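Mind assembling these two chains? They're in different frames, but the hints should get you there.
Read top to bottom, the protein sequences are chains A and B. So the first sequence is numbered by the numbering used here: it starts at 1 and just counts up by one. So the second sequence is numbered by the numbering used here: it starts at 267 and just counts up by one.
Just so you know, these hints were derived from the structure itself, not from any lab. Keep in mind that the hints are not guaranteed to be accurate.
Taking lysine-lysine pairs in the DSS-like style, the calculated list, with each CA pair at most 30 Å apart, reads [said to hold, decoys possible]:
#1 K174(A) <-> K304(B)
#2 K298(B) <-> K398(B)
#3 K304(B) <-> K188(A)
#4 K71(A) <-> K174(A)
#5 K193(A) <-> K3(A)
#6 K174(A) <-> K73(A)
#7 K399(B) <-> K298(B)
#8 K153(A) <-> K193(A)
#9 K304(B) <-> K399(B)
#10 K193(A) <-> K298(B)
#11 K193(A) <-> K174(A)
#12 K304(B) <-> K153(A)
#13 K304(B) <-> K405(B)
#14 K399(B) <-> K153(A)
#15 K153(A) <-> K19(A)
#16 K304(B) <-> K403(B)
#17 K3(A) <-> K73(A)
#18 K193(A) <-> K403(B)
#19 K193(A) <-> K399(B)
#20 K193(A) <-> K304(B)
#21 K73(A) <-> K19(A)
Label pairs and their computed distance ranges (CB to CB) [stated by the list, open to error]:
#22 V266(A) <-> A452(B): 31 to 39 Å
#23 I91(A) <-> K304(B): 44 to 52 Å
#24 L219(A) <-> E300(B): 19 to 27 Å
#25 R295(B) <-> G263(A): 40 to 48 Å
#26 R164(A) <-> R472(B): 21 to 29 Å
Coverage of chain B stretches by chain A, computed from C-beta distances (three or more under 8 Å per stretch; other residues unrestricted) [claimed, not checked]:
#27 271-277
#28 362-375
#29 421-435
Remember, it's a predicted structure, so these values are computed and weren't measured experimentally. The beta carbon of each residue, even a glycine, is placed where N, CA and C say it ideally should be.
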Amino acid sequence: MSKINRAIYELQSIDATAKQNRWMNQIHPLVKLILTIYYIVLTVSFHKYDVEGLLGMCIYPMVVFIIGDLKWKDALYRLRIVLPLVCIVGIFNPFFDHRVVATFGSVQVWGGVCSMITLMLKGILTVFASYILIATTSIEGICYAFRLLHVPKIMVTQFLLIYRYITLLLTETKRITQAYALRAPGQKGIHYKVWGSLVGQLLLRSMDRADDVYESMCLRGFNGEFPFGKPKKSAGGDVAYFIFWVIVLFVIRTYPVFRLVGGLFV
Amino acid sequence: MHMADALIVPAVAGTMYVASTVAAGVSVREVKLENETKKIPVMGVMGAFVFAAQMINFTIPGTGSSGHLCGGMMLSALLGPYAGFLTMIGVLLVQCLFFADGGLLALGCNVWNMAFYGCFIGALLIWRPIMKKGVSKGKIILASMLGCVLTLQLGAFSVCLETFFSGVTELPFSVFLMTMQPIHLAIGAVEGLITSAVLVFVHEARPEMLWGVGETEEGKFSFKNTLVILGVLTALVGGILSLFASAFPDGLEWSIERITGSTELESAGGIYDVFASIQEKTAFLPDYALKGSESAVGTTISGIVGAVIVLLLCVAVSYVFKFFRNQNKETVKGNE
Numbered sequence: 001m002s003k004i005n006r007a008i009y010e011l012q013s014i015d016a017t018a019k020q021n022r023w024m025n026q027i028h029p030l031v032k033l034i035l036t037i038y039y040i041v042l043t044v045s046f047h048k049y050d051v052e053g054l055l056g057m058c059i060y061p062m063v064v065f066i067i068g069d070l071k072w073k074d075a076l077y078r079l080r081i082v083l084p085l086v087c088i089v090g091i092f093n094p095f096f097d098h099r100v101v102a103t104f105g106s107v108q109v110w111g112g113v114c115s116m117i118t119l120m121l122k123g124i125l126t127v128f129a130s131y132i133l134i135a136t137t138s139i140e141g142i143c144y145a146f147r148l149l150h151v152p153k154i155m156v157t158q159f160l161l162i163y164r165y166i167t168l169l170l171t172e173t174k175r176i177t178q179a180y181a182l183r184a185p186g187q188k189g190i191h192y193k194v195w196g197s198l199v200g201q202l203l204l205r206s207m208d209r210a211d212d213v214y215e216s217m218c219l220r221g222f223n224g225e226f227p228f229g230k231p232k233k234s235a236g237g238d239v240a241y242f243i244f245w246v247i248v249l250f251v252i253r254t255y256p257v258f259r260l261v262g263g264l265f266v
Numbered sequence: 267m268h269m270a271d272a273l274i275v276p277a278v279a280g281t282m283y284v285a286s287t288v289a290a291g292v293s294v295r296e297v298k299l300e301n302e303t304k305k306i307p308v309m310g311v312m313g314a315f316v317f318a319a320q321m322i323n324f325t326i327p328g329t330g331s332s333g334h335l336c337g338g339m340m341l342s343a344l345l346g347p348y349a350g351f352l353t354m355i356g357v358l359l360v361q362c363l364f365f366a367d368g369g370l371l372a373l374g375c376n377v378w379n380m381a382f383y384g385c386f387i388g389a390l391l392i393w394r395p396i397m398k399k400g401v402s403k404g405k406i407i408l409a410s411m412l413g414c415v416l417t418l419q420l421g422a423f424s425v426c427l428e429t430f431f432s433g434v435t436e437l438p439f440s441v442f443l444m445t446m447q448p449i450h451l452a453i454g455a456v457e458g459l460i461t462s463a464v465l466v467f468v469h470e471a472r473p474e475m476l477w478g479v480g481e482t483e484e485g486k487f488s489f490k491n492t493l494v495i496l497g498v499l500t501a502l503v504g505g506i507l508s509l510f511a512s513a514f515p516d517g518l519e520w521s522i523e524r525i526t527g528s529t530e531l532e533s534a535g536g537i538y539d540v541f542a543s544i545q546e547k548t549a550f551l552p553d554y555a556l557k558g559s560e561s562a563v564g565t566t567i568s569g570i571v572g573a574v575i576v577l578l579l580c581v582a583v584s585y586v587f588k589f590f591r592n593q594n595k596e597t598v599k600g601n602e
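Isolated chain B (complex conformation) (with noise of 0.2 Å):
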């Protein structure tokens, strides 16, 4: 996911540094506070750990295929998310001036779609929540895989982004995106097997190595802070990248519009009319707009609208999920 310094123009390069370098003050600062000289040697060598672990191919069971580390997840496991955060730094700029891997200019960029997603986006919402009260062979696995998946398709996503911005390429920006993710769901998921089972190996072997585990401060990212933060990342994307939304039907349409000539199926009688007249009435955005206005405000609208909507129905069936998965729990105690 490396991106080469012909990928990007000098004003979203500067953009990236800008951003990756508030990044990196916040965890210098942070480093220096906690004051402890031995983390220093210490970074070093886990970098080092995860350039050399990067050349080990891991054979990918029924595929034939191989994959290998990126180490993001993995380092702020160990060391938490501001020494690695800075210890991704000096991995990703020995790869790019030793080996060419990225660019002096792209260097910006790189951190913040492989370190910055990984290292804060990793630790700070998914690894330190899911391990606050306590560490399992199960909630490593989880945290892994789920760490591992969204980081990279965050930073996936950036690259497309950056790529869109820079103006380099003529492929579409969804066609790049559509190729991009999928992709990068593979690599995810083969990286959080190997960040798993590592993980879960140094969990049995020296369980004190692991960073966050059953650290009960409240407060500074409970579960609830987490959901605002996520809520407004999902607002953000809904409303500021629904103004590129592509006006082109979505594959499904496409597909229906390559039968039957139009993007929308034709149905009418009983039970349809009763069901369109409800939805006439409940539909205050129809087709993602304010109703009688095409303009890109109701769009962004919409996209902010439907973002909070999905996202409280997200909330209320997992509460609902775990009442039920609680009664249940009642139910074989009451049994026992």
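Chain A on its own, in the form it takes in the complex (with noise of 0.2 Å):
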């Protein structure tokens, strides 16, 4: 699949994931934006040697995918971009960092070790998070919330139009990329030659279309300012969902739940 289709998928896979009727997408999008961004700065605030704690973080996205019915195969696909870059950047602390941090028998773990599983492991749930957010939670109830925490219309604004649109102009990309591969076959990407002119066609009818998305926008009483569709009102379910979480997370933060559990059967 080439990479203007897969995004093409991966964008309506996503659309369609968040609209399914199930429990976890009638949570109320502010409550999931919030839980979002509270776990990766939990997660993300973990000590670099700390990979028990960590550890225990995982219980956040293991139990929503599992209550929530999410596939781990669409989440683990997203790690493609964010995990080599963690890793680039990772494998190098066991060369410089030879601390001696824990020992198991005779067996001596460089704190370098430690160190790069933390960020792989920060890496995966950061992303884990932000898919869970993302999957449940459709693009219409994530700019509610943004409205809601006061980010300025205009963002959102352009954050949703720039969703709406992308699918269309990912669409007009692939037909003009097709064409051009069909009268160039076997070679890879676009000719020099052709950078300005290609790029600039799809620049100067992306401009049409926004003038005549403009003019549609005016007949239907567009007056700079884009009406967000309010979601129902946050339940009780929705307070308790939330209020679990951030105690559970916090618990987990600040103690090692890990150590005192084993700590009960050794």
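Rendered as structure tokens:
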């Protein structure tokens, strides 16, 4: 599948998942947005050697993926961009940090190894947290939550419009590149002589489309402000869900839960 | 260049969010002042265009590899810095939420590294002054190349600083910096070429679409103001960042040390002694420190002084160059 096709598929797939009628999707978007940010902040705040603490943070995505009927495969696929980057940054840690931070029998564990593992864990967990938000919340819901957080209307409108027109312009780009590929078989990428005209044509068409969009919006009463659909008011269940995770994550962040549980058996 | 959430700590993320929020606040105010309702859908469609254009692979001549567009500089050349900045925030948010490219917590960093430099430095300090007295193909290429290379270098430098202050990597700052900057120099050059090709096409097809062309407003961002801002930036970089200057030998000194066993070459006699005595009298900051002092303040002062001297030297050389060029032009005119 080409890069453009994959991007279109990914957008449509997330959109369809977010619009499903599951209980996770019914939770108030603001609750999910704040919880996601709270989780990410707590996760990245762990010390670079604290592998044990970070393992405790795995509880949130594991539970939510199961109860929310989310697909692990889709979430793992999203790691393809972040994980290599995090690996490149973290892979050098074992070479520079030889401080012994743990000992298992005769095996000594270097600080560099621990910090590399925590870096990767943080990368994986934060991507999973964002996926949970986006796979269970529609774009309109996210925009509504942004407005409740007083993000300026113009920025929220931009976000919504960009999202709406991405599929359209991706399809147009696919058509243009496909037409070019048919006329230049076996060529990798676009030849430098047509860089300007090819992208320029796409740009001019996009501008013309923007004019059409503006006229259509004016005909429908657009006056610079975009109405964002109001989802249902937050119910008691949403508040309970929020409070539950805030407390659980706080406890995991503050106390060595795994060690305490292990101490009961060992 | 997208930063991931895992690469930063909350303190750095918070700081960058504050900085980006201030820039976004200013942009929202400016766009509102323009009061053009038409601009809102145009910004939306242009954001989607940048996203779509990023999917196209461009063959880099002679390398067998391909590059792609980032779009900050192009957006600001078409929409202006403020609308371009807000549009880039939208693009980065979509990339972060829907494609896991970047992160929610790292959004403040990414906005600063990619949108702020591309739109504000690129548009206000490079594009606008160059285009002030009219547009030409050469000027578009110059502004695009300069803008893309410089803003990507600044962005890559910010990534290094943010990672360094987050303390997530054991890689020494200088090594990380030396890895990031050259890579982004090449990326910036490719992006500059693509951006200039597109903008030249737009200039030929619909020149009215280009922003900031032929604006003769004095005082806002004249050449003098640009020089002052660049001077302040240079002083800041020289003054603050010189505190982090490594005490280890630089690349050349290291090579010499490997060959001779010392970081400096020992020379004596004749002409060497004459120039050494002149240098001794003129160098008020020997080895980048105050005479008889090894304090960090000395390093900072020497950083600022050094930056000012280099800046003045560059300005002087530019004026000399301009003088001779004008002389040459007059001679040619006289001959005609």
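Evaluation of the provided hints:
1. K174(A) <-> K304(B): holds (27 Å)
2. K298(B) <-> K398(B): Distance ~24 Å between K298(B) and K398(B) Cα, so the pair holds.
3. K304(B) <-> K188(A): With a Cα-Cα distance of about 38 Å, the restraint between K304(B) and K188(A) is violated, given a limit of 30 Å.
4. K71(A) <-> K174(A): Holds. K71(A) to K174(A) sits at ~28 Å (cutoff 30 Å).
5. K193(A) <-> K3(A): holds (22 Å)
6. K174(A) <-> K73(A): holds (26 Å)
7. K399(B) <-> K298(B): Measuring from Cα to Cα gives roughly 27 Å; hence the hint holds.
8. K153(A) <-> K193(A): Distance ~41 Å between K153(A) and K193(A) Cα, so the pair is violated.
9. K304(B) <-> K399(B): holds (28 Å)
10. K193(A) <-> K298(B): violated (39 Å)
11. K193(A) <-> K174(A): OK: K193(A) and K174(A) at ~20 Å, within 30 Å.
12. K304(B) <-> K153(A): holds (15 Å)
13. K304(B) <-> K405(B): Within the cut-off at roughly 29 Å; holds.
14. K399(B) <-> K153(A): At roughly 36 Å apart (the allowed maximum being 30 Å), K153(A) and K399(B) break the hint.
15. K153(A) <-> K19(A): Roughly 23 Å between the alpha carbons, so the hint for K153(A) and K19(A) holds.
16. K304(B) <-> K403(B): holds (28 Å)
17. K3(A) <-> K73(A): holds (19 Å)
18. K193(A) <-> K403(B): With a Cα-Cα distance of about 16 Å, the restraint between K193(A) and K403(B) holds, given a limit of 30 Å.
19. K193(A) <-> K399(B): holds (28 Å)
20. K193(A) <-> K304(B): With a Cα-Cα distance of about 33 Å, the restraint between K193(A) and K304(B) is violated, given a limit of 30 Å.
21. K73(A) <-> K19(A): Holds, because 19 Å separates the two Cα atoms, which is no more than 30 Å.
22. V266(A) <-> A452(B): 31 to 39 Å: violated (54 Å)
23. I91(A) <-> K304(B): 44 to 52 Å: The hint (44 to 52 Å, Cβ to Cβ) holds, given that I91(A) and K304(B) are roughly 49 Å apart.
24. L219(A) <-> E300(B): 19 to 27 Å: Hint holds: Cβ distance 23 Å, inside 19 to 27 Å.
25. R295(B) <-> G263(A): 40 to 48 Å: violated (57 Å)
26. R164(A) <-> R472(B): 21 to 29 Å: holds (25 Å)
27. 271-277: Contact hint for the segment 271-277 of chain B vs chain A: holds, 6 residues under 8 Å.
28. 362-375: holds (count 9)
29. 421-435: holds (count 4)
This entry does not satisfy hints 3, 8, 10, 14, 20, 22 and 25, going by the numbered hints stated previously.
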